[in-house]
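Number of protein chains: 2
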Amino acid sequence: MATYIERLNSAILAKRAPVVVGLDPRKEQLPPGLMDSAKSGHSYYSDPTATAYERFCFQIIDIVAPLVPAVKPQAAFFEELGPSGSLVLASVIRRAREAGLIVICDAKRGDIGSTAEAYARGYLAGSDRNAAPWSADSLTVNPYLGPDTLQPFVDVAVKREAGLYVLVRTSNPGAAGFQDLIADGQTHYRHVAAAVEQLAQETRGEQTYGAVGAVVGATYPQELAELRAAMPHTHFLIPGYGSQGGTAQDIAAAFDADGLGAIVNSSRGIIFAYNNAKYKDQFAPEQWESAVEAATRDMIADLAEHTPAGALGG
Amino acid sequence: MATYIERLNSAILAKRAPVVVGLDPRKEQLPPGLMDSAKSGHSYYSDPTATAYERFCFQIIDIVAPLVPAVKPQAAFFEELGPSGSLVLASVIRRAREAGLIVICDAKRGDIGSTAEAYARGYLAGSDRNAAPWSADSLTVNPYLGPDTLQPFVDVAVKREAGLYVLVRTSNPGAAGFQDLIADGQTHYRHVAAAVEQLAQETRGEQTYGAVGAVVGATYPQELAELRAAMPHTHFLIPGYGSQGGTAQDIAAAFDADGLGAIVNSSRGIIFAYNNAKYKDQFAPEQWESAVEAATRDMIADLAEHTPAGALGG
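The listed protein sequences derive, respectively, from chains V and A. With the numbering used here, the residue at position 159 of the first sequence is 159, and numbering never jumps. With the numbering used here, the residue at position 76 of the second sequence is 76, and numbering never jumps.
Note that these hints are calculated values from the structure, not bench results. For glycine and all other residues, C-beta sits at the position ideal for the given N, C-alpha and C. Certain hints may be false.
[Stated by the list, open to error] Mimicking DSS-like on lysine-lysine, the simulated pairs with C-alpha atoms at most 27 Å apart in a straight line are:
1. A/Lys280 <-> A/Lys27
2. V/Lys15 <-> V/Lys278
3. V/Lys159 <-> A/Lys27
4. A/Lys27 <-> A/Lys278
5. A/Lys159 <-> V/Lys27
6. A/Lys27 <-> A/Lys39
[Claimed, not checked] Per the computed footprint, the stretches of chain A lying under chain V, defined by three or more beta-carbons under 8 Å from a beta-carbon of chain V, are:
7. 147–156
8. 167–180
[Unchecked claim] Label-pair distances were calculated between CB atoms; the ranges are:
9. V/Asp256 <-> A/Lys280: 51 to 61 Å
10. A/Gly245 <-> V/Arg129: 34 to 44 Å
11. V/Gln207 <-> A/Gln207: 53 to 63 Å
12. A/Glu202 <-> V/Ala257: 48 to 58 Å
13. V/Gln222 <-> A/Ala99: 51 to 61 Å
14. V/Asp155 <-> A/Ala225: 27 to 37 Å
Just need the whole structure built from these sequences, with the hints factored in.
Set out below in structure tokens:
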């Protein structure tokens, strides 16, 4: 058994890529044929969209498992389908772990006391795959309710050798609205960052990074650099690369000298690459799997060239 | 067809009670016999705990449906069981709506753009019960990611005549940690409150209260009174009464002169009343259903006596 950060770092070093592929199935953007075959063929789920999501995610897992250390299923797109989607989410997480991938469940949960604990117990399996029904290695968490509401998540995470990523500075256009309000001379997100860094310190043992990480968007490079400096023991999950506009240069400051300390997510830019201008001419829609592989390799090369993640290459 | 607030207010007036019963099933606190009978008898779900949760919630729905306008299932306790729990959540919501109850799904979701929209589409059925797989009338939402991330929830809510409750000032002991930081001379939660009141204004049409409400805890009476004054068009969902320490007097300021404008939640205090000191002597564990009914009637009477909700009595 090993802690979340130990498992994650060894996977990053094995693949030489600090990359997580976001599994965001969207019905309207599924590659051609997937919905039709789900409707006509044998289906485990009553809803053919659920069947199509499962096949789509399974195929992506098979393509990216040799290339990247982790995947990040976005709970919302599964939940949109109702209970069948919940079943698919569990099945996709299981398949990803069987393929040797670290699974970051992006569910942005948050609640108080024993309610927060119930969420943690449902999603955080950590080093024992059977410890939670949605057996993720780590979970994204929302801090709005207060620092006390993070503790139940932390307790379960530490016990199960799982990880957390607390929202600190997000990648959306309106992130500044509440996160950048200045209190006591510091942005709101810096106050949250201080609490998160404290929890990272408390859970790191003799490692550099603790069980508690932070979500910091690629779309705000200045804030990213500032937070890296302020949070030396906090692992970063970085959304916003690619489709949302963040570049490898924007993210460079998130890594330590060894190329570790952060993992960068791309969702649409990889899984729907067949539909992106960059790959459209190169791959026909039926070759969507090749487009996924090309986009994954391109992202890894881009990070290796323009960030300290190149240090992983060796 | 009617908007969320129209449906809610007519239910509150019909029952003469601004009360919502929280459905928070917890395995360790289930009344005696429920788990055993779920294990031995015929079970629709593979997990007997899921069967026990469904029976428990169904029985509570049957008891409280004649007395209160609404129930509030807490998603975390269902999700803790995995996909079987997701099925039970859908089934409990359906049963509650069939019993004529308004359903506030307490899932505290929050994400960006089309991801937020996916959550909204999954949970907000509004006036058309078939519009969403978890067919709630309203949903609790977390604002941390920014004001722009509330809009997709609002768009779906308005379209489906559903409602939202955005976390503003929560009831937990550490709520002040981030929510009370002072920026530009105002607490953080007042900045969130201003954005929420704006959305309430934009969605109220000719009604007093809009589709967008706020979660404001009963445990901080001063903040509650302050927010009522600052948010004249925002409906309040008030947790923290009873088990968490909030009293009817603490909540009095949340109501308008007609006794409307707020709905007060009690979860453990009602559903596990058989286990509370106040009812333990009066009811044996096997009489837990009578304890639920007594606790519900007591709460309604308490609010009627000590708050403007008494105006509903007529």
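Structure-based check of each hint:
no. : hint                              : result
1   : A/Lys280 <-> A/Lys27              : holds, 19 Å
2   : V/Lys15 <-> V/Lys278              : holds, 24 Å
3   : V/Lys159 <-> A/Lys27              : holds, 21 Å
4   : A/Lys27 <-> A/Lys278              : holds, 22 Å
5   : A/Lys159 <-> V/Lys27              : holds, 21 Å
6   : A/Lys27 <-> A/Lys39               : holds, 13 Å
7   : 147–156                           : holds (count 3)
8   : 167–180                           : holds (count 11)
9   : V/Asp256 <-> A/Lys280: 51 to 61 Å : holds, 57 Å
10  : A/Gly245 <-> V/Arg129: 34 to 44 Å : holds, 40 Å
11  : V/Gln207 <-> A/Gln207: 53 to 63 Å : holds, 55 Å
12  : A/Glu202 <-> V/Ala257: 48 to 58 Å : holds, 50 Å
13  : V/Gln222 <-> A/Ala99: 51 to 61 Å  : holds, 54 Å
14  : V/Asp155 <-> A/Ala225: 27 to 37 Å : holds, 35 Å
The structure fails none of the hints (numbered hints given earlier).
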